[in-house]
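*Asks:* Given next are the chains, with one letter for each unit.
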Amino acid sequence: MRKISRALGLAAIGSIVLLQACTSQEQVALQAAIPAYPEPYRAALQDEFRVLAAREAAQNDHLDAKRFMLRSEAAARAVTISPLPVDAYAIDDAAMRADLEAARARLVLLFDGGRARAPQALALAHASYECWLEEAEEGHQPADIQWCRDRFLAGEAATRLNAGLDADWGVVLSGDGGHVGAITLASKAGGETLLDTAAAAGFVNDGADVRDAAMTARESSAVTSDAMRLMPAAAKMYAVYFPSSAATLDSAARQAIAAAAADAADRPAPDIEILGFADRAGDDRSNYQLSERRVAAVRAALLQAGADEENFLIYARGENAPAVATPDGVAEARNRRVEITVR
Amino acid sequence: MRIVAIAAAVAIGMAASSVAAVAADSDWVARVKRVAGEAYVERDGVQAPLLVGDRLPASAVIVTGPKSGAGLTFRDNTRVSVGANARLGLADYAFVPGQPAGAAMLKADLQNGAAAFVSGRITERQPGAMQVSTPAAVMGVRGTTFLAVTSTPLDRQ
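Here the protein sequences line up with chains A and B, keeping their order.
Per the working numbering, the very first residue in the first sequence carries number 139; after that it's consecutive.
Per the working numbering, the very first residue in the second sequence carries number 724; after that it's consecutive.
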């Protein structure tokens with residue numbers, strides 16, 4: 139015991155206490171020595187490095203024990219702690235170095251999402267990666283290298299699973315005007331959840347049940363901003379109203395048509411849907427013909443306003459899809475219309 | 724020689740765009756509004772560059788490369804923005820304007836990457852009639868803006 143303390147020399151008191159505790163299996167002393175940190179990932183990382191320090195100490199490798207203790211303390215304090223670069227170690231085996239480089243690259247990608255949703259597993263992967271680095275540099279204990287590597291792979295797999303990183307997911311976003319709707323998210327293996335609040339996210343792992351999870355703002359915004367980047371502009375509808383039994387355009391009608399044509403001119407590859415209706419006064423057949431005449435009037439006015447016929451989609455619907463429900467035979471101004479939808 | 728080359732290039736360009744463009748008015752369900760970077764459309768196993776203005780049938784697959792994307796608007800006003808490194812297959816579509824009781828359905832298949840959707844008249848007419856599938860999940864859309872993402876590795880699909 140005394141020998142260990144001497145070997146540590148200037149090591150922090152926490153480390154000494156730890157090493158004494160480790161060799162005597164006194165975990166309580168460790169808890170007292172190092173300040174707790176509230177973030178679960180940091181707390182877990184602190185523990186994982188302690189496990190490694192204890193293991194090294196038990197093997198009488200006190201230098202490595204000290205290194206891991208310092209890493210544990212770094213994790214415990216509010217210091218940025220990222221996986222050590224492979225370059226920081228002298229690893230002769232080129233294949234091993236490449237394996238470690240790849241592992242680190244994968245590990246770094248797990249932090250988004252894993253840090254919040256799978257802190258224990260991510261901490262295991264992180265500490266085990268550094269353990270693997272350490273043993274790879276020593277290079278003379280294949281069983282130890284294997285032990286660290288296996289723990290890394292287990293931590294990596296658990297992070298992916300627990301954080302839903304291998305999962306398919308859906309997120310409800312705030313729409314136009316802050317409107318929040320709903321989606322149901324069903325696993326193909328069974329199970330369904332309703333997502334109906336802003337930023338509500340559901341994850342489905344391969345074959346596993348559906349789980350709810352709140353997206354961290356950072357990960358949600360990164361994926362969302364890429365996926366939303368090329369969202370086309372919302373469609374806009376321009377209503378053109380007509381007198382009873384007529385297909386004539388008054389000034390309000392012409393204004394609406396001009397606005398629709400101007401809107402279309404501002405859009406890439408615009409579609410201009412011209413959808414004509416009549417009210418329910420009169421018979422079906424004459425109302426259908428009336429809606430055709432209204433559509434023709436609007437079409438001509440749109441062409442006059444500079445719209446390109448190539449983009450037109452034209453439908454006449456007679457009296458069968460009123461905007462306002464009325465009994466048959468009733469005149470209703472809001473139903474005598476052509477809806478121009480520009481998208 | 725130069726003229727021949729240009730003529731050939733023009734002919735190839737026309738052939739490529741005719742793969743994407745659909746002649747019959749009733750055959751197309753969505754129109755391409757925006758494209759960035761490398762984006763393609765697959766139809767019947769043939770891949771062609773995706774161009775703004777292309778009219779796509781219900782069987783088209785949108786494929787995007789790194790830092791690329793595409794924006795489409797369907798005939799019912801549903802909009803979709805496809806992110807980078809994505810594959811979005813249009814699987815089924817039914818919508819006729821001005822027929823409130825008519826069929827309404829939009830099915831898309833996100834095979835890779837992420838895509839954002841803003842639902843349109845189909846879900847107004849029939850909530851749940853729009854479905855976006857991923858390898859492991861099916862999202863039923865009741866009318867909203869939402870994001871669908873698949874992280875299922877391609878080799879596990």
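The hints are simulated quantities; they were obtained by calculation from the structure and are not laboratory data.
All values reported here derive from a predicted model rather than from experimental measurement.
Treat each hint with caution, since some may be false.
Stated by the list, open to error - To give an idea of the chain B side of the interface with chain A (calculated C-beta under 10 Å), a few residues:
{"hint": "1", "residue": "Arg778"}
{"hint": "2", "residue": "Pro780"}
{"hint": "3", "residue": "Ala781"}
{"hint": "4", "residue": "Ser782"}
{"hint": "5", "residue": "Arg810"}
{"hint": "6", "residue": "Ala814"}
{"hint": "7", "residue": "Gly866"}
Stated by the list, open to error - To spell it out: a stretch of chain B is covered by chain A in this simulated footprint if at least three of its residues, at any positions, have a beta carbon under 8 Å from a beta carbon of chain A; those stretches are:
{"hint": "8", "stretch": "756–770"}
{"hint": "9", "stretch": "791–805"}
{"hint": "10", "stretch": "820–828"}
{"hint": "11", "stretch": "857–864"}
The beta carbon of each residue, even a glycine, is placed where N, CA and C say it ideally should be.
*Asks:* Quick check: which numbered hints come out false for this structure?
*Replies:* The structure breaks hints 2, 3, 4, 5 and 6; every other hint is satisfied.
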